[in-house]
Structures are given as C-alpha cells and as structure tokens.
Amino acid sequence: MHELSLARDIVEIASAAASGSDAKRVVTVRVRIGILAAVSSESLAFHFEEAARNTLLAGARLTVTAAPVVVRCPACGRDTELPDVKRFVCVVCGTPTGEVVSGRELEVESIEIS
Amino acid sequence: MTPRIVELREGVLKKNDAVAAGLRVRFRAAGVCVVNLVASPGAGKTLLLESTLTELQRLGRCPVALVGDPETDNDARRLARSGAPVRQIRTHGLCHLNAPLVEQHLEGWDLAPVEFLFIENVGNLVCTTNHDLGEFVRVAFLSATEGEDKPLKYPGLFNSADAFVLSKIDLAAACEFDREAAVTNLRAVRPEAPIFESSGKTGAGLAEWLAFLIERRSVLLGSGG
Numbered sequence: 001m002h003e004l005s006l007a008r009d010i011v012e013i014a015s016a017a018a019s020g021s022d023a024k025r026v027v028t029v030r031v032r033i034g035i036l037a038a039v040s041s042e043s044l045a046f047h048f049e050e051a052a053r054n055t056l057l058a059g060a061r062l063t064v065t066a067a068p069v070v071v072r073c074p075a076c077g078r079d080t081e082l083p084d085v086k087r088f089v090c091v092v093c094g095t096p097t098g099e100v101v102s103g104r105e106l107e108v109e110s111i112e113i114s
Numbered sequence: 115m116t117p118r119i120v121e122l123r124e125g126v127l128k129k130n131d132a133v134a135a136g137l138r139v140r141f142r143a144a145g146v147c148v149v150n151l152v153a154s155p156g157a158g159k160t161l162l163l164e165s166t167l168t169e170l171q172r173l174g175r176c177p178v179a180l181v182g183d184p185e186t187d188n189d190a191r192r193l194a195r196s197g198a199p200v201r202q203i204r205t206h207g208l209c210h211l212n213a214p215l216v217e218q219h220l221e222g223w224d225l226a227p228v229e230f231l232f233i234e235n236v237g238n239l240v241c242t243t244n245h246d247l248g249e250f251v252r253v254a255f256l257s258a259t260e261g262e263d264k265p266l267k268y269p270g271l272f273n274s275a276d277a278f279v280l281s282k283i284d285l286a287a288a289c290e291f292d293r294e295a296a297v298t299n300l301r302a303v304r305p306e307a308p309i310f311e312s313s314g315k316t317g318a319g320l321a322e323w324l325a326f327l328i329e330r331r332s333v334l335l336g337s338g339g
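So the sequences go chain by chain: W and Y.
With this note's numbering applied, the first sequence corresponds to residues 1 to 114, in that order.
With this note's numbering applied, the second sequence corresponds to residues 115 to 339, in that order.
The set of hints was computed from the structure by calculation and includes no laboratory data.
Among the clues, some could well be false.
Calculated lysine to aspartate or glutamate pairs in the EDC-like style (CA-CA distance at most 20 Å, straight line) [unchecked claim]:
(1) Lys129/Y <-> Glu112/W
(2) Lys86/W <-> Glu262/Y
(3) Lys129/Y <-> Glu105/W
(4) Lys86/W <-> Glu260/Y
(5) Lys315/Y <-> Asp276/Y
(6) Lys128/Y <-> Asp9/W
(7) Lys129/Y <-> Asp9/W
(8) Lys129/Y <-> Glu262/Y
(9) Lys24/W <-> Glu105/W
(10) Lys128/Y <-> Asp246/Y
(11) Lys315/Y <-> Glu290/Y
(12) Lys315/Y <-> Glu260/Y
Make the full structure from the sequences, and use the hints.
As structure tokens, then:
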C-alpha cells in the first residue's frame with residue numbers, strides 16, 4: 001500500500017519532468033532511499049512497473065540507491081556513517097547520538113530520457 | 115533525441131511536506147503545541163490520551179484532539195468523554211495519517227484558544243515514519259504487552275521520536291516485560307529522547323508526562339503564548 005502510493009508519486013514527478021523536457025520516453029529513473037525511510041526496494045520496483053504503465057515511463061528501469069545513515073555527534077561534532085541501525089553512536093568517539101543528518105531520504109535523483 | 119540525464123533531486127513526499135510546513139506555521143502562530151502519537155495498534159494511546167485531555171483541562175489548559183483510524187468513530191467518542199473537542203479522521207484503509215488529512219479535518223476549527231493539539235495516528239510503526247503532520251513533538255509508544263525489541267525492529271520510527279511512552283506498565287510483571295531491556299533498546303536508537311513510564315489504568319506516570327507536555331509547549335512556543 002505504502003510502496004504503491006510512493007511508486008505513483010515517483011511516476012508523477014518523473015512524468016512531469018520528462019514532459020517539461022520534451023522527452024519521448026523515460027529510460028531510467030534513479031531514486032535515493034534512506035535506510036531509515038522504511039521502504040522496501042523490491043516492493044517499490046514491483047509497484048513501479050505497474051504505475052509506469054501507459055505513461056512516458058512505461059518500461060523504464062528503476063534504480064534504487066540505499067542512502068546510509070549518517071549521525072552527528074554532540075560531543076566531537078563529526079558526522080559519521082553507521083555500519084548498522086542497531087546502535088546509534090558516533091563511530092569515532094562512541095558517544096550515543098540519535099541526530100540523523102541523512103538516511104531518511106526519499107527522493108527522485110534524476111531521470112534518463114530519450 | 116539522444117538520451118540524456120535530467121537531475122531532479124525532488125522529494126517523493128514533497129506535497130505532504132509542503133502541507134505539513136504550512137500547518138506548522140499556522141500552529142506556531144496560533145500557539146498550538148502539536149503532538150503526534152504513534153504506536154502499534156492496541157498500545158494504549160487512546161487511554162493515555164483520554165486522561166491527558168481530562169487532566170490538562172483540570173489544570174486550566176485547552177487541549178483538543180484528532181484521532182485517526184481506518185474505520186469507526188469509537189475512539190473519538192471515547193476521547194470526547196473528557197469534555198475536550200475531538201474529531202475523528204476515518205482513513206478508509208490508509209495505514210497512516212498525512213498532512214492533507216489533518217488540514218482537511220481542521221476546517222472550521224478555531225485554533226486561537228487551543229494550547230495543545232494531540233494527533234493520535236493510525237496504529238502502525240512503518241508508514242507513520244515518513245509522514246510529517248506539522249507536529250512539534252512526536253511521541254512513540256512501546257507497551258508492556260509488546261516485545262522489548264520493537265525499537266530495534268522499527269528503528270526508522272523509533273529514531274524519529276522526540277519522546278517515548280512505556281505504556282501499560284501495570285502489566286509489566288504479568289507479561290514478564292523486561293523494562294531494562296526495553297529502555298536499553300529505546301536508548302540504542304534514540305539516546306536523547308526522554309522515556310515516560312505510564313499506566314492509563316492506574317494513572318502512574320501521568321504527572322511527569324503532563325509536566326513534560328507543558329514544559330515542551332513553553333520551550334517551543336514561549337510561555338506567554
């Protein structure tokens with residue numbers, strides 16, 4: 001349900017951009033999804049195919065980049081990438097921090113048109 | 115046409131985010147502290163909210179609530195017993211509230227006298243994560259009848275919270291709920307967020323919870339507002 005509506009939103013954004021660029025069709029859509037965005041790439045790809053039907057995106061490839069979680073440390077001020085999402089701590093000094101500076105993204109990065 | 119790349123960098127939820135940003139400006143101007151309550155179904159949101167609405171009014175405060183469910187207005191009727199104005203949002207299957215739904219259900223509501231708006235989200239720990247409702251405070255519940263490892267299973271949601279409620283704490287012993295493990299797991303994903311143990315049944319922890327809400331409102335909106 002959630003991924004279906006996201007797939008529709010992605011198609012809408014990409015279609016609008018493609019029409020604005022006088023494209024005949026969209027070949028690839030690149031999206032960036034943060035690990036914390038709680039979105040399944042497989043499910044998104046499945047629904048994307050369906051949502052793209054009868055649009056400029058019909059048959060387009062969906063490329064998903066998983067954006068890692070980066071936290072900011074309140075003690076040393078560094079931004080570090082978490083190796084997993086089980087423990088939110090500064091990778092350098094070990095200070096606990098839940099301040100996420102990236103890893104929640106849900107964005108259409110670019111489209112390839114022809 | 116030769117294939118070419120068009121850079122977009124557009125948020126997929128930009129429509130929701132734009133409405134939420136507009137709501138936040140409106141809430142701030144009206145001095146309304148908006149609290150989004152998120153949890154799995156049956157975690158004790160409604161019972162705690164019912165006593166919260168009652169007690170805030172007893173303290174001379176003006177709270178209102180919006181409550182989301184796929185169907186029925188049962189929760190709105192329950193919450194209205196507190197005497198506070200309450201509106202039900204029926205989502206008809208949608209598993210989370212979004213900013214346009216909140217905006218739509220605020221229509222015709224005079225926010226000027228309101229000090230707190232509680233938005234009880236649809237019971238869901240996934241889809242509620244990314245939907246900004248224009249709130250100032252997001253509170254995630256973990257009840258004693260659930261597994262202590264829920265924060266690790268749903269890090270996206272629990273990390274997005276500003277505070278936690280450990281609800282149904284009166285049932286902790288009966289459910290062999292390991293409080294220490296629950297607190298450790300909440301701290302693992304969101305170390306800074308305060309944790310409030312509460313029981314909607316016995317009223318335990320209510321005073322601390324109310325003090326937190328009042329303090330948050332004055333920090334966020336200024337005590338005069």
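Structure-based check of each hint:
1. Lys129/Y <-> Glu112/W: Cα-Cα ~23 Å, so violated.
2. Lys86/W <-> Glu262/Y: Roughly 14 Å between the alpha carbons, so the hint for Lys86/W and Glu262/Y holds.
3. Lys129/Y <-> Glu105/W: holds, 15 Å
4. Lys86/W <-> Glu260/Y: Holds, at about 18 Å.
5. Lys315/Y <-> Asp276/Y: violated, 24 Å
6. Lys128/Y <-> Asp9/W: Given that 20 Å is the threshold and the Cα spacing comes to 9 Å, the pair holds.
7. Lys129/Y <-> Asp9/W: With Cα atoms ~9 Å apart, Lys129/Y and Asp9/W stay inside 20 Å; holds.
8. Lys129/Y <-> Glu262/Y: violated, 35 Å
9. Lys24/W <-> Glu105/W: violated, 29 Å
10. Lys128/Y <-> Asp246/Y: Between Lys128/Y and Asp246/Y the Cα gap is close to 10 Å, so the pair holds against 20 Å.
11. Lys315/Y <-> Glu290/Y: Roughly 18 Å between the alpha carbons, so the hint for Lys315/Y and Glu290/Y holds.
12. Lys315/Y <-> Glu260/Y: Roughly 17 Å between the alpha carbons, so the hint for Lys315/Y and Glu260/Y holds.
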